[in-house]
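**Q** Residue strings, one per chain:
Protein chains: 4
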Amino acid sequence: MIQTTPGWLTQDELDAARARMPILYVEAVPVRVDDSGEVTSVGLLLRIDAEGTISRTLVSGRVMHHERVRDALLRHLEKDLGPVALPRVPTSLQPFTVAEYFPTAGVTAYHDPRQHAVSLAYVVPVAGDCRPRQDALDLVWFSPQEAVSPAVQSEMPGGHAVLLKQALAHVGHVY
Amino acid sequence: MIQTTPGWLTQDELDAARARMPILYVEAVPVRVDDSGEVTSVGLLLRIDAEGTISRTLVSGRVMHHERVRDALLRHLEKDLGPVALPRVPTSLQPFTVAEYFPTAGVTAYHDPRQHAVSLAYVVPVAGDCRPRQDALDLVWFSPQEAVSPAVQSEMPGGHAVLLKQALAHVGHVY
Amino acid sequence: MIQTTPGWLTQDELDAARARMPILYVEAVPVRVDDSGEVTSVGLLLRIDAEGTISRTLVSGRVMHHERVRDALLRHLEKDLGPVALPRVPTSLQPFTVAEYFPTAGVTAYHDPRQHAVSLAYVVPVAGDCRPRQDALDLVWFSPQEAVSPAVQSEMPGGHAVLLKQALAHVGHVY
Amino acid sequence: MIQTTPGWLTQDELDAARARMPILYVEAVPVRVDDSGEVTSVGLLLRIDAEGTISRTLVSGRVMHHERVRDALLRHLEKDLGPVALPRVPTSLQPFTVAEYFPTAGVTAYHDPRQHAVSLAYVVPVAGDCRPRQDALDLVWFSPQEAVSPAVQSEMPGGHAVLLKQALAHVGHVY
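Protein chains in written order, with our numbering: chain D, 1 to 175; chain F, 1 to 175; chain H, 1 to 175; chain Y, 1 to 175.
For the record, the hints were derived by calculation from the structure and aren't laboratory data. Nothing here was measured: the structure is a model prediction, and the numbers come from that model. The beta carbon of each residue, even a glycine, is placed where N, CA and C say it ideally should be. A couple of the hints might just be wrong.
To be verified - Between beta-carbon pairs, the in silico distance windows are: (1) Y/D129 to D/D49: 24 to 30 Å; (2) Y/D49 to D/A127: 43 to 49 Å; (3) Y/D129 to H/D138: 35 to 41 Å; (4) H/R133 to F/D49: 52 to 58 Å; (5) F/A127 to Y/D129: 49 to 55 Å; (6) F/L46 to Y/A127: 47 to 53 Å; (7) D/D129 to H/T40: 31 to 37 Å; (8) Y/R32 to D/P157: 27 to 33 Å; (9) F/D12 to Y/A127: 45 to 51 Å; (10) F/D138 to H/D35: 44 to 50 Å; (11) H/R133 to D/Q145: 38 to 44 Å; (12) H/T104 to D/D135: 30 to 36 Å.
Claimed, not checked - Below, simulated EDC-like cross-link-like pairs (lysine to aspartate or glutamate); rule was C-alpha separation at most 20 Å, straight line: (13) F/K79 to D/E146; (14) D/K79 to F/D35; (15) Y/K79 to H/D35; (16) Y/K79 to Y/D138; (17) Y/K79 to Y/D135.
Hey, can you work out the whole structure from these sequences and the hints?
**A** Here it is as structure tokens:
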């Protein structure tokens with residue numbers, strides 16, 4: 001499917017750009033919180049890729065031309081969690097970290113064979129009902145401790161397991 | 001009124017402690033946000049002090065013995081904004097700044113003649129209805145630009161004007 | 001001058017990309033600090049653009065394909081401040097803010113008529129001797145208070161004045 | 001040994017205060033960095049407590065009355081690492097986290113049987129020669145990966161193991 005909005009990229013153009021410059025992404029770690037802001041659970045999207053491999057991912061996507069970071073964040077949250085998830089996009093653009101996905105494995109802890117992507121990562125509380133759309137089968141909620149267990153971490157390739165641990169460390173959960 | 005919860009301080013003990021060690025505070029800048037997390041307005045409490053001087057303040061208060069920072073934040077938000085303000089206490093304890101109020105003016109940008117207070121400062125979106133309690137007369141909402149105007153800033157003594165500007169700079173509003 | 005390193009962009013390709021997607025930048029606010037880490041002065045580059053207008057800017061530049069953010073930061077610091085500036089690149093990639101330069105003025109506080117640039121901004125202490133290179137005439141050190149004075153701020157177009165105020169607010173200097 | 005500086009606490013007063021209010025601490029994770037700011041090793045102090053148990057700790061200590069946080073940080077760095085460690089105290093007081101040590105185990109991930117301590121935690125590059133003083137036997141440098149190994153983590157009681165992992169996650173090192 002080719003995006004035809006003026007100023008956005010065709011698939012060919014995107015492929016060309018991906019080979020030549022870092023692509024800006026946003027990523028969100030969806031969480032449930034209690035009244036005191038403590039994270040009580042983490043939502044991971046269950047996906048099946050073209051090869052049939054099951055993986056768990058975070059909310060993630062490109063920032064478009066002439067789109068604000070916070071609008072991109074909101075757009076991808078709605079795309080991945082549905083229209084009534086009620087995400088609480090952060091007031092500050094200061095991310096908890098910047099994740100650098102390199103096409104070459106081992107340069108950083110993150111890896112994306114398609115491209116060099118640089119991702120601004122945020123923890124985003126969601127208060128509403130999450131109904132995954134697009135290519136995600138399901139959104140599964142884990143306790144912070146379950147989310148960093150070897151079983152779940154092994155299903156988060158490309159450095160998403162690392163990013164999730166960083167997010168949880170940022171909100172005070174280390175195991 | 002003396003707090004008699006075991007482990008907390010009588011007024012005399014608090015006075016003694018204030019003369020001898022830094023006292024830990026939390027401060028919250030209450031804000032309204034739109035769906036994309038953009039701050040649209042800032043809430044300032046209107047107070048009259050013992051001398052009859054009108055001032056505008058942020059939500060602020062001590063952290064008690066054996067109280068978590070996030071519980072102190074929630075307690076002071078409820079105390080100052082009422083029970084249905086629906087504050088969104090941050091997921092991370094990382095404050096946007098640490099404000100150091102010294103009894104001697106000029107050491108830092110913050111000043112509190114009563115004590116050396118060190119305050120963890122957070123921006124807190126509130127979604128509900130705010131009904132000031134305690135000694136506050138009213139909660140008034142300002143646009144970010146109004147909130148940093150000389151008129152409003154002059155009513156925020158002791159460095160609160162500085163702290164408000166830091167909060168707004170953190171969420172992208174500088175004038 | 002065309003960069004011919006494999007994977008980097010020719011001027012034509014860069015122009016095309018600039019019209020189609022956000023371009024990732026890093027920006028550094030060079031500062032002098034005392035032993036306690038307190039910022040004592042801010043370094044601004046003095047430039048003359050094609051029209052002969054004098055302006056003051058921060059250290060700024062693109063992140064290249066397959067280049068880490070911290071390497072881009074170091075490269076631009078060396079490019080703008082010379083080889084013996086001894087910049088202390090931050091240990092964490094968490095920026096103090098993300099500045100979004102839009103080709104359309106007024107969308108955010110930042111504006112770049114050439115492109116949509118998204119910039120990760122850092123405060124970087126420099127301990128050595130700064131010798132501006134490239135198109136900068138000079139590096140001038142200002143006290144934090146001078147740096148945010150109307151005279152200096154008026155020479156920082158495109159939102160750099162705003163970004164500098166945010167950097168100084170982050171390190172505790174608000175005027 | 002009783003501190004007799006006016007405004008500071010005698011041991012009795014400190015004991016009384018510790019039972020009644022949270023005590024403000026600063027903590028520093030000493031690191032070595034390369035030119036790009038990447039953390040290459042972490043310094044841990046080797047201590048023997050009153051019972052003869054060997055433990056590894058971070059640089060840590062109280063903030064005194066009328067002492068700025070950054071001065072407390074510098075004082076404890078010099079006390080623990082010696083006078084020529086050349087620590088680079090951060091420009092911003094924004095800590096990477098706030099660690100809450102409770103006298104009751106299990107309230108948070110941090111525990112201090114003596115007191116309720118609230119600690120502002122920073123990663124601090126040190127460029128010079130470290131010569132532990134006071135009660136520390138030695139300062140040992142570990143690679144980030146070694147520092148979070150079970151062997152080393154088991155020697156860091158009271159939640160220091162957790163705090164170290166949070167520090168390393170903040171600078172991009174997760175294992």
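**Q** A separate judgement is required for each hint: does it hold in the structure or not?
**A** How the hints compare with the structure:
no. : hint                         : in the structure
1   : Y/D129 to D/D49: 24 to 30 Å  : 52 Å, violated
2   : Y/D49 to D/A127: 43 to 49 Å  : 46 Å, holds
3   : Y/D129 to H/D138: 35 to 41 Å : 36 Å, holds
4   : H/R133 to F/D49: 52 to 58 Å  : 56 Å, holds
5   : F/A127 to Y/D129: 49 to 55 Å : 54 Å, holds
6   : F/L46 to Y/A127: 47 to 53 Å  : 50 Å, holds
7   : D/D129 to H/T40: 31 to 37 Å  : 53 Å, violated
8   : Y/R32 to D/P157: 27 to 33 Å  : 31 Å, holds
9   : F/D12 to Y/A127: 45 to 51 Å  : 47 Å, holds
10  : F/D138 to H/D35: 44 to 50 Å  : 46 Å, holds
11  : H/R133 to D/Q145: 38 to 44 Å : 52 Å, violated
12  : H/T104 to D/D135: 30 to 36 Å : 33 Å, holds
13  : F/K79 to D/E146              : 35 Å, violated
14  : D/K79 to F/D35               : 15 Å, holds
15  : Y/K79 to H/D35               : 15 Å, holds
16  : Y/K79 to Y/D138              : 13 Å, holds
17  : Y/K79 to Y/D135              : 10 Å, holds
In the structure shown, a violation is registered for the earlier hints numbered 1, 7, 11 and 13, in ascending order.
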